[in-house]
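A.B. asks: What follows is each chain in one-letter form.
Number of protein chains: 4
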Amino acid sequence: MMDFGLVGFSGKMGKVINETFAERDYRMVLKVDGSTRSVDGIPKVIIDFSRPEALPQTIDLCVRYSSPLVIGTTGLDEDEFKKLKELSKVVPIVQSYNFSIGITLMIKMLEEFSSKLSDWDVEIVETHHVHKKDSPSGTAIMLRNAIKNDVKIHSIRIGGIPGDHAVIFANDGEVFEISHRAISRRAFSLGVLRASEWIIDKKPDFYKFSDVIYG
Amino acid sequence: MMDFGLVGFSGKMGKVINETFAERDYRMVLKVDGSTRSVDGIPKVIIDFSRPEALPQTIDLCVRYSSPLVIGTTGLDEDEFKKLKELSKVVPIVQSYNFSIGITLMIKMLEEFSSKLSDWDVEIVETHHVHKKDSPSGTAIMLRNAIKNDVKIHSIRIGGIPGDHAVIFANDGEVFEISHRAISRRAFSLGVLRASEWIIDKKPDFYKFSDVIYG
Amino acid sequence: MMDFGLVGFSGKMGKVINETFAERDYRMVLKVDGSTRSVDGIPKVIIDFSRPEALPQTIDLCVRYSSPLVIGTTGLDEDEFKKLKELSKVVPIVQSYNFSIGITLMIKMLEEFSSKLSDWDVEIVETHHVHKKDSPSGTAIMLRNAIKNDVKIHSIRIGGIPGDHAVIFANDGEVFEISHRAISRRAFSLGVLRASEWIIDKKPDFYKFSDVIYG
Amino acid sequence: MMDFGLVGFSGKMGKVINETFAERDYRMVLKVDGSTRSVDGIPKVIIDFSRPEALPQTIDLCVRYSSPLVIGTTGLDEDEFKKLKELSKVVPIVQSYNFSIGITLMIKMLEEFSSKLSDWDVEIVETHHVHKKDSPSGTAIMLRNAIKNDVKIHSIRIGGIPGDHAVIFANDGEVFEISHRAISRRAFSLGVLRASEWIIDKKPDFYKFSDVIYG
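The listed protein sequences correspond, in order, to chains A, B, C and D.
If you want this note's numbering, it's the position in the first sequence, counting the first as 1, plus 78.
If you want this note's numbering, it's the position in the second sequence, counting the first as 1, plus 78.
If you want this note's numbering, it's the position in the third sequence, counting the first as 1, plus 78.
If you want this note's numbering, it's the position in the fourth sequence, counting the first as 1, plus 78.
It is worth saying that the hints were derived from the structure and are not from the lab.
One thing to keep in mind: the hints can contain errors.
Since copy identity is lost for identical chains, a pair holds within one copy or between any two.
[To be verified] Once the Cα atoms are required to be at most 30 Å apart in a straight line, the calculated DSS-like pairs of lysine-lysine come out as: (1) 194 / 281; (2) 194 / 93; (3) 194 / 230; (4) 210 / 230; (5) 194 / 167; (6) 280 / 163.
Working from the sequences, and respecting the hints, build out all of it.
C.D. replies: Below, the structure written as structure tokens:
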């Protein structure tokens with residue numbers, strides 16, 4: 079049983095997070111969206127998947143309830159990161175732009191092992207829905223950085239695919255591939271769940287999502 | 079039991095063709111390579127996987143033995159095609175630049191069915207070894223032509239991959255994919271075998287490999 | 079602009095259908111669920127994704143509005159099919175247990191082309207979420223029937239995968255694969271949309287979903 | 079430039095190893111097969127891909143030339159391993175039943191990381207040619223052992239596929255897959271090459287192939 083607060087509860091990710099937590103009988107005792115706020119208990123953790131403008135209020139709530147923070151809001155600027163660092167002296171924070179457990183694992187594996195295949199060829203293929211604006215995807219760029227190499231990225235844009243990523247290595251005799259596929263937004267809400275359950279007994283600090291998985 | 083002749087018997091494809099035919103106890107009774115020639119019986123079919131320069135000799139042999147011809151020699155010019163057309167009045171000929179059964183099927187399926195997915199997105203991914211010079215592959219271009227569309231082709235060049243091709247269709251709710259992978263040169267020698275067994279009782283004409291599969 | 083009626087509007091498929099139709103500015107002028115019914119115009123087509131018990135009411139509505147019917151309700155018995163056949167003398171009906179365009183195409187392709195690969199090996203792999211009760215999936219069985227063969231089916235049950243199906247053919251030299259992946263329930267709502275747009279100007283008859291695609 | 083000896087030079091693996099080494103201008107100065115033996119210099123490394131019966135002769139040659147040994151001969155019994163261990167006090171030895179770099183990496187990754195996905199589902203799919211006698215493959219069993227779990231293995235047997243292996247993890251929102259495909263016997267000869275280049279300056283000991291990759 080874990081009571082939680084959710085900033086951005088009516089957004090697309092907010093809804094999925096609430097759904098995922100409700101399945102565990104976790105109770106949303108604090109919900110915030112823009113100027114809407116309702117409180118029904120003390121949250122053990124606050125989750126923020128909203129907009130940078132909401133940050134001051136979120137920080138205020140974390141301080142008031144001594145509540146750890148899990149934040150996935152995108153587009154934070156330097157000043158906002160500074161405020162989060164400040165807050166992390168008082169409560170533990172997990173901040174990430176990507177709460178996918180699989181992608182986090184994939185990056186770690188590549189960082190650790192791709193040097194073993196330095197004499198192999200490698201290319202990346204990523205597939206997303208046609209409405210995606212950026213190309214290559216931010217995730218594909220993170221994967222390339224993990225390989226520390228000038229890797230070619232192929233970006234396929236078709237239909238409604240939530241997000242596939244494949245890193246394909248090959249030498250003359252074999253092919254080795256690591257791939258990931260997001261089924262739905264639950265790819266991320268399950269990561270938020272793991273981060274929330276992990277952080278409640280941590281000491282104040284600024285954590286990344288990979289700390290949750292490997293910490 | 080089928081006696082056959084093989085022009086270009088010591089080339090890479092020649093060796094694989096001989097191996098594939100030998101497994102069926104088919105006997106190579108005529109073998110030619112450059113100026114080397116040895117005869118040990120009357121061929122029921124002659125196979126030519128050599129070079130355009132060898133064509134006059136091949137034609138001469140087909141006429142002498144009244145033998146059907148299966149020819150996969152690449153780089154034939156207009157004049158050489160004319161000579162083959164002439165020959166096809168006397169003996170049946172199967173001519174193709176690609177004897178893969180799967181690729182032939184894939185092209186046929188796309189020609190027949192891709193119009194049903196005209197409101198879906200579609201892209202092609204082809205993967206070959208790093209030594210391949212052309213990009214996109216000739217096969218990928220044939221696949222695109224079969225879709226009759228301005229389809230994007232992604233060309234991956236890694237390791238020693240003999241040749242993979244995938245045509246991926248998607249709409250907002252589903253993905254539909256047709257894909258092909260060459261395991262080895264046997265992809266082609268088994269097609270040559272099928273063409274050879276098919277042609278021995280056909281009447282003189284100029285056939286394509288798709289006639290062998292769908293004829 | 080197409081006004082439609084929806085029986086089972088509050089069910090999981092009902093919601094997705096309404097969402098998909100609303101994106102085209104199609105208006106739900108009749109909605110029914112159990113004893114709930116609200117009418118706001120004359121439907122040009124009625125869609126029923128509910129339960130067999132609702133059938134008499136649906137038939138009544140189709141007759142009253144002279145409305146074509148698209149029905150995906152599962153578990154219909156012989157008697158219910160008889161009633162639908164009766165209704166199809168008055169209004170056109172599309173009935174199917176699977177409105178996926180891709181799966182319908184896949185089955186058609188296999189029926190038409192798998193005989194060309196009769197000397198190849200073939201196996202089927204289907205992957206679904208762990209909560210799926212039947213194994214192999216009904217779709218995998220339809221695919222096997224389309225091949226007319228004693229094909230081995232491998233059923234993988236992992237995570238939340240909505241439904242993947244692959245038919246893999248191989249001979250000694252090549253691999254040929256046709257595969258399908260459902261991204262979400264929109265796989266089916268887009269098929270229902272196509273059926274609805276197709277049926278509005280058809281003459282009374284009992285149609286299958288493949289008639290919509292190939293008719 | 080590296081002179082090498084090859085026991086079993088005329089076997090299937092022997093031929094591929096010689097081909098792979100010859101491409102680097104490495105010279106086969108000692109070749110052995112059954113009672114055939116020819117010597118043309120001092121080998122810097124001896125490779126044995128033959129039969130257990132050849133082991134005494136191989137050991138004798140390693141001692142005579144103070145040559146490191148790379149051995150992939152299968153079916154060694156306890157006594158033969160004992161002799162190899164004895165030899166490894168004098169010269170360095172790499173012994174393995176699988177010289178695939180990719181499979182070795184895959185096993186290491188699974189040993190290290192699969193615990194991070196302990197609450198995910200996981201299944202293994204392996205695909206091999208129809209002539210393969212064992213099912214599941216020895217490699218699939220090694221992969222399962224690396225996960226330390228009761229993982230279901232699906233064995234597909236079609237056509238001439240040299241060997242594909244996939245480990246598929248999924249939770250409710252995402253799929254994570256590690257896969258490997260052998261293109262040809264070069265999958266192994268390139269591993270033998272790496273082992274041979276690695277071992278020539280090592281001190282006497284009994285090494286596994288994973289020591290070559292991670293040592």
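A.B. asks: If you check each hint against the structure, which ones fail?
C.D. replies: none
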